[in-house]
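Undergrad: All chains should be modelled from the sequences, with the hints used to inform the complete structure.
Below, each chain spelled out in residue letters.
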Amino acid sequence: MKKSTASQPALHAPPGRYLKERLIQGVLFACAFLAVVVTAITIWIFLSGSGIFFAKVSLWEFLGGTRWAPTDISTPSYGALPLIMGTLIITGIALLVALPIGLLSAIYLSEFASERVRKIAKPILEILAGIPTVVYGYFALLFVTPLLRSVLPDIQFWNALSAGIVLGIAIIPLVSSLSEDVIYAVPRSLREGAYALGATQYETIRHVVLPAALSGIAAAFILAMSRAIGETMIVAIAAGRVPTWPPDLLKPLETLTVHIVNVATGDAEAGAFIWATIFAIGALLFAITLLLNILSYWIVRRFREQYE
Amino acid sequence: MSAQTLHIERRQLVWRKTKSTFFGSITFSTILISLALLVALIVYILINARPLMAMRAASRAGLVLSTMVIQWDAKNLPYVIITDFIPESAAARAGISEFDAIIHIGPESVYRSAQVWEAIARLPSDALPIGWISGDPSKIFGDLLPQMDPQTGALRVVIDYLPEESLGFQAGLRPGDIVTHIEDIPVTGARQAWEALIVAAQRRAQPGPLTVQIERDGELFTIALPAEQTAQIPIQRSWWRAIWDFLTSYDSNSPEKAGLASAIVGSLYLVGLTALFALPLGVGAAIYLEEYARRNWLTELIQLLIANLAGVPSVIYGIIGLEILARALKMDRVLITGSLTMTLLILPMVIIAAREALRTIPDSIRHAAYAVGATRWQVVRSHVLPYALPGILTGLIISLSRAMGEAALLILLGAFQYLTFLPTLGSYFTVVPIQIFTWIGEAKDGFANIAAAAIIVLLTILLAMNALAIFLRMKFQRRW
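As they're listed, the protein sequences go chains A and B. Quick note: the first sequence uses the working numbering, first residue 101, plus one each step. Quick note: the second sequence uses the working numbering, first residue 3, plus one each step.
A hint or two may mislead.
[Claimed, not checked] Across the chosen pairs, the derived CB separations fall in these ranges: (1) B/Lys-477 with A/Asp-254: 51 to 57 angstroms; (2) B/Lys-19 with A/Ala-229: 32 to 38 angstroms; (3) B/Glu-358 with A/Thr-166: 45 to 51 angstroms; (4) A/Gly-151 with B/Thr-426: 36 to 42 angstroms; (5) B/Pro-165 with A/Asp-254: 53 to 59 angstroms; (6) A/Asp-172 with B/Leu-79: 33 to 39 angstroms; (7) B/Thr-250 with A/Leu-159: 49 to 55 angstroms.
[Claimed, not checked] With a cut-off of at most 27 angstroms between alpha-carbon atoms, the simulated DSSO-like pairs for lysine-lysine come out as follows: (8) A/Lys-351 with B/Lys-446; (9) B/Lys-446 with B/Lys-77; (10) A/Lys-222 with B/Lys-477; (11) B/Lys-21 with A/Lys-222; (12) A/Lys-219 with B/Lys-477; (13) B/Lys-259 with B/Lys-446.
Hints listed in this document are in silico derivations from the structure and should not be mistaken for laboratory results. Ideal placement from N, C-alpha and C gives every residue a C-beta, glycine not left out.
TA: Given below as structure tokens:
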């Protein structure tokens, strides 16, 4: 809305009003611009922090070495492969749990559930989503691991399997709510077209609804993956905080995030070289999650089916 | 021919319909799985938190316990001792002091502190029948001295000095006696004699005298030694007292005494401060993006970055907070640093929620205000914001409940502390999720139970916050 220059004196803006407006706009812009500042600071911190690390350790040793022993005083070793594989294993187990359950829940909620059932079922998933991760860690360590031990007697007190399974449970709500949004957004006319051709409900979902929602579901899966990679507390509590190579599902392992927690809870002095490792690890983590987030953003934009 | 085709089609149809129904029930079962998991989690935590009442009652009565181990014949034999003497407590009045070993509760032998708590929970009356052996062996045997047998060269244990008020003297032991066996356990050392008493007493079904074999002047004697003392200790069992004690005491090395006071105060401070920082910043950014921003590359970039920052793992924010605020700006790892970093974590969520709330306000409201000559800020301040406020606050509370449960970020900012004071803005601090994390890591019996109790406290706070959000939404939300 443009203010017209008023011809009558009574309608003149009070002096300083324009300045005040500009000032407020400036302050509001600064709030929004904070996102740029934070991102820039993050990138700068990780670049400069990793600089110290990679001045001493080659990139090849970091990404290809299989021995992670930064606290070893006589022969420190900085091969991050155990941590990377640990992260991938935990994420893999979590996705095996979360993707089918989350997607099927989403299909149920948007395609099968009556309004009454929806009103009960959705809060269940929302409560699961709201439970803090330390609580899931407790559940994994003291409930799921003993339960698994009755099937797999060899399983250790700290192990990758129960941490992965419980991490999967923790991200079910994320998968289901994101997928449900996109499945729900598929227009009714498509379903009705399929029914008109004689398709059953299963065939409609399988051949019409899911393909139409595919890009959104893929984006949801990628976000779930990014969330699983960045998850810290469940793994720190239940998976044992010991880097192992080769990794084993029934044994303790360490992930990228857990290494950062280990350094922070350890007794290393500020300025010790071990603090540099958290920048290298953090940079790797930041890069992976950023890449996945951008990928999901891009998939949604690129492959979105436009209706109408 | 045509009838046959029809028949096949009908069979196909039945099959296709069955498949559809089957698929529907599979999708439904996933909801049941989620429900079952939720129920299992909550029930498990409630069960694990149950001993809290007995633990608190025990510590109030002066029974602060530890499970210890006697290493014997390559076996670990557990027993329970008092680790903390509380003067003026019921136990102290009954004559129990520090390091005494608890052997029986009523007619049952106890090996672990958890058994004592179970017994207290099951007690029919408010008196705990307890049998214990003094932790000070000199009160039983006086001073025992290991000696070499001059003939055989074997090690044996001689009573060197025995005060008259000791249990052993009253039972008939005298200085110079060689203690050879307690029940059937051979005595080989001074400390081991006491451990043999514990093991022998634990084997008995009731508190009672133990037989001690001695050698006096070359002859063998058997003496009945009433080493185990008994008393009835009054126990006040009350859930209200237990919960109050748990919420108002500081962390401790003994799970019966450890409480959540510093963690709760730290959490409330942290969440309150975070709200104070995040609300103006988040709403400001949302107003700019919704009401002011032109569609250009900068706006696009800001939106993309906000969406991305929402997906960055919390440990990454922890590193940023640690490096910039705590180290570069020398703010140290204190509460205010923690809440500023937490603000960064939840800010994207707050912005996204606030934008959605602003978007629900129809343009007609804005147009009406512009039409009477309001400036853009006046429109926002007196028309758009008041209507959007309930939605914004709901989003803020949901984001704050994320902050309430967040642990990883705060571990980096030093909230991993053993506190025995209430934190203030400039002090080191701890929060409830981190207190839970610390307690899960403790090996001692009972810490898993108080961790479960702390989880219930945390979930209750979260539930209250969400109820407030739902209330705000129901009460103030309007449809346009």
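Undergrad: What are the numbers of the hints the structure violates, in ascending order?
TA: The structure breaks none of the hints.
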